[in-house]
Amino acid sequence: MIRSPLANPRFANWLYGFTPPERGVVVLRHRRVYIVPTRLGWLYGATLAILLIGSINYALSLGFALTFLLSGLGLAGMVHTARNLARTAVSAGRSEPVYAGESAQFHLLLDGRAPFERPSILVRHVAGGAQLVIDVPPHEVAEVVLAVPAAKRGWLPLGRVMLETRFPLGLFRAWSYVEPDARCLVYPRPERTPLPPTSPDARTGAARAQASGSDDFSALRGYQPSDSPRHVAWKAVARAQEMLTKQFSGESAGELWLDWRLLPAGIDLERRLSCLAGWVLAAQQSGALYGLRLPGVEVAPARGDAQREACLKALALFEAS
Amino acid sequence: MKPLPHPLAPELRTVSGRDLAMLTASLLLVVTPHAERAPWWLAVLVLSLYGWRAYLGITRAPLPPQLLLLALTGAAMTGIWAHYHTLFGRSPGIVLLCLFSGLKLLEMRSHRDATVVAFLCFFLIITNFFYSQSIPTALMMCVALVAITTTLVGFAAPQRPSRANLRTAGLLLGHAAPAALVLFLLFPRVQGPLWGLPQDAYAGVSGLSDTMSPGNLAQLALSDAIAFRVEFQGDPPPSRLRYWRGPVLWDFDGRNWRMGPTLLAAFKPPKGGERTYRYSVVLEPHDRHWLFALETAASLPPRARFTEDGQILARRPVRLRMRYALESVIGAAPGPAQDPAALRRALRLPEGFDPRSLALAHEWRDASQSDAAIVARAIDFLRQGRYIYTLEPPRLGADSVDEFLFDTKAGFCEHFASAFVFLMRAAGVPARVVTGYQGGDVNPVDHIVTVRQSDAHAWAEVYLRGRGWVRVDPTAAAVPGRISSGLARAVPEGERLPLLMRPQLQWLRSLRYQWEALSYKWNIWVLGYDPQRQRELMSLVGMRDADWRQLAATLFTVLGLLTALLLVWSLRRLVRPDPVQKAWQRFCRKLGARGIERSPFEGPRDFSERAARDLPQARGAIRRIGELYLALRYGPVAPPARIDELRRLVRDLRLT
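Chains as they are written, first to last, in my numbering: chain A, 29 to 349; chain B, 72 to 727.
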């Protein structure tokens, strides 16, 4: 089988006029906008040829006028189709992390940068096939969300995106490729696993005694934004008009260590990370103070959404040495 | 990898109600002109097909099954075959095209089908040009093109309001116009036809024929259609001298005059003459060979042939409007002596017809000294005979000349010419009938003489020894008004006249003159733009004898330039920085010249604050500029007055 020359990245980069990934705002200069007639465009050309031959044969002056007006229309249509895409500025927005197996939602911003509307622009994710047709109003920015399946944990780059338009006459198809520097963090797929017992770690042995009473109320302290709403002392709030958080004796000192080594040996890396991710979610739900320990990576114990994200990120990006 | 369904692919986009409405409207625009020529039942059928599809579109009902459409097609085609006795040829072809437009509409589901129907509209437009290429037809074409283009834009942008699509269509056609003009002028024109034309290609053109029988010229004279137009260099000759020579008829069978065999002859310009006229004729197609010329022609159009009896013939039947330049001399000396065989032919009469006329002619023969005296007697006879000139002559029996001369005494020019030539021949004077046109209207606007079919005329020529062939107009003798004041005055009141000849409608005529002046220009420059005109135009811009290669090179150069211009136009609107940004950059440059450079990380607010601190004398202006810029750049859409204020402030900013 002949290998497509497009498989060679250097050739592809030369052909498409850019080297991925592209940082910042990508402006579709005309060097990058390709245009070819559509099938209907070829049919239009054939129609014009027949009209021309008829006009010559019957010496129809108005026939010539019609044929030439239509030829001009085709030409103008070609320029307008290219214009509909030319100098659009494409940039990538933030994309929220997802779990493996879900779809990453990439936000693309299409800045028309033009006093005219750019209707009917197809935005398609080349590899994933997610696609959407949008209109970019004059002087405005349109936002497209492309759902790209996230199969594996780690960074998911957006990859190549095609922009295509056939506006205004459908006789030509103009398209361009962009590969903005956008990536989405993919957490391991969480696996429901019972939480391990609170850390039996030798180095923190002193904490063990208190750890058993993990839900014994011990004191109130000032509310911090990362505190779980379930631990807010709502009665105290109603009374004192001040946010207070209930502190439990188990939490104050007892740390839940989600340790790589607590999992039985013999399960593979991805499964292990999935279990750890499941623990992180469970720990977060329980409101415990938890930390994560992987070979070579350690996330210090804390609680709250920031902690969950830090742990999941560590899991997502973990690489076994 | 499996190809993905493509949301822009026309095969996958279904036709919306708006698409259907626009398409049907476009079709109606282009089909209507064909309706009057199609059989009535077909016009009704096509309209009901459109209506049916519209109904299905509104009720969202499924389209009819293919089998039903097939049966319908078969039935309609049988009907067309029964009407025309063929399915090929021009008229049935066009009717079939109309039929298919309706049938295609009924199996149209996707935008692909709909676009094919839109392309079909182009064929329906161009086929109408077989019948009419007038200015209104051209305007109608433009309206139809706007509709079709809007329809196509609507397919590409289904969400957009129709008004915006109409605007886009207008813009596209506006951009197409210069390219169309360039193509029209520079595209190398080839003289058609490229292949044999269908037999009915020139059906329905009217004009003179090579036979004349009582009543056929009168029939032709009811037509307002233009035969040809003439542009004289200088003043045209007076109407009574404008005899446009056409077919010459020699052979009489008692009722019909025929041309008979014609002999070609070398052209010899006539000698003498009172005045020479130079003029050019734009001849409407009449599917015959005659090229009409003012008597007596002193030159020949290029590639034309000349006959012994003074007809000018084109090499091929005139099937396209053609233009030729000529010279004519009025009052020229008659030509050389005629050979005896031709003179014998000019005396031949059928046996056993018109005894009373024969007797009268013999009487004149015996009483006269010379041929000229006989001619004079005949003219007197007609002048005193109280003949009536009418477009509705009574029907004549077998002895047509006798009945006209002695009984009915009412006829059109062919009756007078026929009777006169009969009398001459019977009296032994060689004579022949000449048909053609007489007079014509001078347009006061552009002084172009328009000759219509209603100016068709027949007169006589007699051969007088020593003088040659001499023109005698018996109609002028019998009804002098015909020649001096035209058909309208000569015909008794209350008789049917061609509309535009009616004297009551003076204002209508003046409007008509304006219109015809415009039409003349249109015919010359648009419809008559042929390879010859193209060469003329090219030599005007300095390209002598441009061949197709030069034309093509020029064409592609100009077309390329136009496209480049269009491209520049489309990008120019994109690269033009917005005025706010431009003013801000100018502000930064001005400050930069004073040593206050904006760092890349510095926002507009910080920068203007710093500048205001460093340049206290301009603090107010700098702060205001900063505020305005922030508001205009990042705030909601601002009134243009504030942009102007910003520009003014920046312009007037003095930092010294």
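Hints are computed from structural coordinates only; laboratory data are not their basis.
Since this is a predicted model, take the numbers as computed values, not measurements.
Among the hints, a few may not be true.
Label-pair restraints from in silico Cβ distances [to be verified]: (1) L43/A - A712/B: 47 to 53 Å; (2) A266/A - G706/B: 40 to 46 Å; (3) L137/A - R684/B: 34 to 40 Å; (4) P710/B - A155/A: 43 to 49 Å; (5) R67/A - P710/B: 23 to 29 Å; (6) D296/A - P78/B: 49 to 55 Å; (7) V639/B - R67/A: 26 to 32 Å; (8) P78/B - A266/A: 33 to 39 Å.
C-beta: ideal position from N, C-alpha, C; glycine also.
Right, here's what the structure says about each hint:
1. L43/A - A712/B: 47 to 53 Å: holds (49 Å)
2. A266/A - G706/B: 40 to 46 Å: Check passed, 42 Å falls within 40 to 46 Å.
3. L137/A - R684/B: 34 to 40 Å: For L137/A and R684/B the Cβ distance comes to about 36 Å; the hint holds.
4. P710/B - A155/A: 43 to 49 Å: holds (47 Å)
5. R67/A - P710/B: 23 to 29 Å: violated (48 Å)
6. D296/A - P78/B: 49 to 55 Å: violated (41 Å)
7. V639/B - R67/A: 26 to 32 Å: Given range 26 to 32 Å: holds, Cβ gap about 30 Å.
8. P78/B - A266/A: 33 to 39 Å: Because 55 Å falls outside the window, the suggested range is violated.
In this structure, the earlier hints numbered 5, 6, 8 are contradicted, and the remaining ones agree with it.
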